[in-house]
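Go ahead and model the full structure; you've got the sequences and the hints to work with.
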Amino acid sequence: MKAIFNSNFAEITNESRLMQQKLRIIQVISQNGHGITVPDICKELKISAPTGIKLVNELQEEGFLTIVGKKETLNGRKPAIYALKNVNFYALSVEILLKRISVGIVDSRLNTVYYRQKTDFVLENTPECLDKVEAFIIECLENSGVNYDTILGMGLGITGRINSTTGESHTFFNFMDRPLANFLSQEFEMPVFINNDTRCFGQAEKIIGKAREANHAIVINLSRGLGTSLIIDNKIVNGGMGFAGEMGHMQFGNKEKMCLCGKKGCLGNDVGGFALEENFLERVAAGEKTIVDIPDNASAVRYDDILLAALEGDALSIKLVQEMGFKLGHALGNILNLLNPELIIIGGKFAKLKELLLDPVKTGITSSALVNPLKNCSIEFSELGDLGGLKGAGALVFEHFELIKN
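Last residue of the sequence shown: number 405 in numbering that gives the first Met the number 0, and the count goes up by one each step with no gaps.
I should point out that these hints are in silico values taken from the structure, not numbers from a laboratory.
Take these hints with a grain of salt, some might be off.
Label pairs and their calculated CB-CB ranges [as the list claims (entries may be wrong)]:
hint : residue 1 : residue 2 : range
1    : Lys45     : Gly144    : 38 to 44 Å
2    : Ser366    : Asp295    : 39 to 45 Å
3    : Lys45     : Thr165    : 31 to 37 Å
4    : Thr165    : Asn296    : 26 to 32 Å
5    : Asn375    : Asn31     : 27 to 33 Å
6    : Glu401    : Arg76     : 40 to 46 Å
7    : Asp292    : Lys318    : 17 to 23 Å
Derived BS3-like pairs (lysine-lysine); straight-line CA-CA distance at most 25 Å [claimed, not checked]:
hint : residue 1 : residue 2
8    : Lys326    : Lys374
9    : Lys98     : Lys234
10   : Lys42     : Lys209
11   : Lys351    : Lys98
Built from N, CA and C at the ideal position, the CB exists for glycine as well.
So this is what it looks like as structure tokens:
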């Protein structure tokens with residue numbers, strides 16, 4: 000099956016034309032997610048009925064298709080419904096964040112059939128770190144139990160500035176004489192597709208999450224940092240060089256704080272896990288009380304612990320989260336005025352807070368948004384959990400091969 004996707008159709012012959020048509024039938028059935036009849040196949044591919052019957056019969060003989068039922072009709076003969084038979088498409092999914100790397104194998108429905116995470120990981124722009132990434136991916140592939148030949152390609156979501164068209168990572172692993180995607184493609188002998196981790200998360204929301212029915216949406220990835228995916232006219236917006244959605248660097252933040260980008264006033268300095276840790280330690284140093292266990296090395300306090308404390312009723316943690324929620328909402332109100340989305344989805348580690356975060360976000364949005372755009376925009380929390388970005392990375396592969404609708 001993998002061979003049909005890697006076939007070279009440059010030379011147009013009758014055989015290659017039939018192979019392309021067979022591939023298109025497989026793609027159509029995979030995109031629909033259910034069976035299809037020969038008349039529907041002929042209509043979709045714009046081919047004659049005899050050709051459609053010939054192709055379907057050959058695919059059935061080759062073991063790719065099977066009959067799963069009959070289509071109900073008002074009169075006449077009921078056409079058979081064909082579906083894929085024992086055909087599994089897999090993608091190798093990799094998500095690389097500042098302090099975590101995850102590897103998974105996902106199928107074309109974005110179900111995870113294998114998953115492993117490494118938390119004792121620090122992302123650095125060094126050859127040594129890239130070697131560690133490669134070694135972990137190889138280890139996961141060997142332990143997954145999935146046949147290597149059934150994996151169509153690798154989808155990689157990584158933090159930082161990414162050009163998905165050229166396959167370049169401008170922030171990390173940018174020291175090579177070729178794009179990161181090209182390097183990994185050669186190392187693993189498979190096509191590699193790359194995008195920013197937050198846009199991968201937004202992709203998953205668009206395909207299997209709460210943005211499925213939304214034509215215009217803002218997807219917030221609020222974890223250690225603040226990331227944003229924009230969905231406009233039912234498509235993820237990458238921008239001219241793949242840098243669209245940098246909400247964390249919009250000048251809505253504290254004007255005195257210096258950002259890693261070299262500028263002051265970036266919203267990401269005030270909203271996100273890193274900011275929460277900083278604010279928390281400042282308040283504790285000033286004498287405020289908390290139920291969070293402060294280790295001797297205070298810098299070891301993780302924002303995950305603060306979020307958990309907020310859910311357990313810790314007053315300091317709740318106050319900090321709500322201050323952050325208002326700032327996020329105030330910034331979102333300005334973007335709402337600009338883009339007029341019908342839906343805002345909040346995902347990432349902060350999504351577990353739900354109502355604790357929702358009320359201050361709504362208050363912040365109300366302080367800056369126009370009445371009519373706000374009235375027609377709903378705010379919801381992602382339900383994809385920690386695997387959202389990983390599934391979105393896998394979707395990059397399936398979209399390239401047209402096995403899922405983009």
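Now for the hints, and whether the structure bears them out:
1. Lys45 to Gly144: 38 to 44 Å: holds, 41 Å
2. Ser366 to Asp295: 39 to 45 Å: With a Cβ separation near 41 Å, Ser366 and Asp295 satisfy 39 to 45 Å, so the hint holds.
3. Lys45 to Thr165: 31 to 37 Å: holds, 34 Å
4. Thr165 to Asn296: 26 to 32 Å: violated, 41 Å
5. Asn375 to Asn31: 27 to 33 Å: Holds, at about 31 Å.
6. Glu401 to Arg76: 40 to 46 Å: violated, 31 Å
7. Asp292 to Lys318: 17 to 23 Å: Holds: the Cβ-Cβ distance is about 19 Å, inside 17 to 23 Å.
8. Lys326 to Lys374: Given that 25 Å is the threshold and the Cα spacing comes to 20 Å, the pair holds.
9. Lys98 to Lys234: violated, 29 Å
10. Lys42 to Lys209: violated, 31 Å
11. Lys351 to Lys98: Satisfied, since the Cα-Cα distance of roughly 20 Å is no more than 25 Å.
Violated hints, in rising order: 4, 6, 9 and 10; the structure is consistent with all others.
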